[in-house]
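Per our numbering, residue -11 is the first one in the sequence shown, and the count goes up by one each step.
Take these hints with a grain of salt, some might be off.
Claimed, not checked - Each computed DMTMM-like pair below joins lysine to aspartate or glutamate, with the alpha-carbon atoms no more than 25 Å apart:
id: 1; residue 1: Lys31; residue 2: Glu(-2)
id: 2; residue 1: Lys31; residue 2: Asp(-5)
id: 3; residue 1: Lys31; residue 2: Asp60
id: 4; residue 1: Lys31; residue 2: Glu13
id: 5; residue 1: Lys31; residue 2: Asp2
If you are wondering where the hints come from, they were derived from the structure by calculation, not from laboratory data.
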Amino acid sequence: LFTRAPDAAEWFVDPFDGGRLLPPEAATGLLTAMGVPETAHAKCTAPVHAACVWARMLRNLRAHHRNAGGSDDMARVWENMSHGLVEVYSVEAGQNVGGVH
């Protein structure tokens, strides 16, 4: 059915298409199609720390829950889960904070 990629291969996850896995050529092609200049491709495809992914997911869940008219209690659950990841927000902005890269 499918061929497993070598462990050293670089793949990207497209969060806007159900988590579809993209090889590098497809990822850069998608960036080009979206109008992202080639000079910005390296920054857009740079690895991120797992804590950055977790912080982003929690912010997205909190925002989705609030926008969907969910209870304040559930929105606070997502917000409370992100405590301790405050340093990560600075990392996402390109700053090295507290040894997190």
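* Any hints this thing doesn't respect? Which numbers, in order? -> Number 3 - this is the single hint that the structure violates.
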